[in-house]
Amino acid sequence: MIIREFRPSDLKRVFEIENMSFSQSYGINTFKGLYDMGTGFLVAEEDGYVIGYIIFWIKYENQGHIISLAVDKNYRRLKAGTRLLSKAIQVLMMFDIANIYLEVNENNCGAYKFYKQFNFKVDRIVPNYYDGGDGAIVMYLPIIRSR
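Letter by letter, the sequence shown follows residues 1 to 147 of UniProt numbering.
These are calculated hints, taken from the structure and not from any lab test.
We treat Cβ as the ideally placed atom computed from N, Cα and C, and that holds for glycine.
Be aware that one or more of the hints could be misleading.
As the list claims (entries may be wrong) - Below, computed lysine to any residue pairings styled on SDA-like, alpha-carbon distance capped at 20 Å:
#1 K121 x A98
#2 K79 x K59
#3 K12 x G27
#4 K59 x K121
#5 K87 x Y112
Stated by the list, open to error - Estimated spans, in silico, between C-beta atoms of each pair:
#6 N29 x K113: 30 to 40 Å
#7 N128 x G48: 34 to 44 Å
#8 Q117 x M1: 13 to 23 Å
#9 D36 x C109: 28 to 38 Å
#10 P127 x D47: 40 to 50 Å
#11 Y130 x K73: 27 to 37 Å
#12 Y112 x K79: 17 to 27 Å
#13 F22 x M1: 29 to 39 Å
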């Protein structure tokens, strides 16, 4: 498995993974727009086939944000999500980030546990965050720097 930068030719496949992973997905034009804006956009590739992706950016001067992370359901448990998130954290740390934030659906226990394994902490709950009325758990990872 390799982790590499997203290419425009990956767009259709990334959108397929998004749709199979989330009941409310970003539109394909949103993905294209995020890429065009210069967000961090990585894919996991297995034998030449894209199996997952992560999109992230610097939201404020010292705050990173994970926009979306998903892995094809047929390729889960191969550590693609772990490798994608680890690489995104590594990239964000190069920009002197103090915290990395993300939102996870309050009903997505698997994602919540996944982020807890990376030491993400709960910041707050935002009720009715998603269109269907589900709340979001806002989580953050404090970046500890050794001096």
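These are the hints, each one checked on the structure:
Between K121 and A98, the direct Cα distance comes to roughly 14 Å. Compliance with the 20 Å bound is thereby established for this hinted pair. Restraint check: the Cα-Cα separation between K79 and K59 comes to about 26 Å, which exceeds 20 Å; the hinted pair is violated. Taken as a hint, the K12 and G27 pair is honoured in the structure, with Cα atoms around 11 Å apart against an allowance of 20 Å. For the given pair, K59 sits about 18 Å from K121 by alpha-carbon distance, which is consistent with the 20 Å threshold.
With a CA separation close to 19 Å, the supplied pair K87 and Y112 stays within the 20 Å bound. Range check, N29 to K113: about 32 Å between beta-carbon atoms, so the 30 to 40 Å window is met. The supplied range of 34 to 44 Å is met by N128 and G48, whose beta-carbon atoms lie about 41 Å from each other. Our hint of 13 to 23 Å for Q117 and M1 holds, since their Cβ atoms are close to 19 Å apart.
Checking the proposed 28 to 38 Å range against D36 and C109 shows it holds: the Cβ atoms sit about 34 Å from each other. The beta-carbon spacing between P127 and D47, approximately 43 Å, falls within the hinted interval of 40 to 50 Å. Remark: the range hint 27 to 37 Å for Y130 to K73 is contradicted by a beta-carbon distance near 20 Å. Judged by the Cβ atoms, the range 17 to 27 Å given for Y112 and K79 holds: they are separated by roughly 18 Å.
Between F22 and M1, the C-beta spacing of about 22 Å breaks the proposed range 29 to 39 Å.
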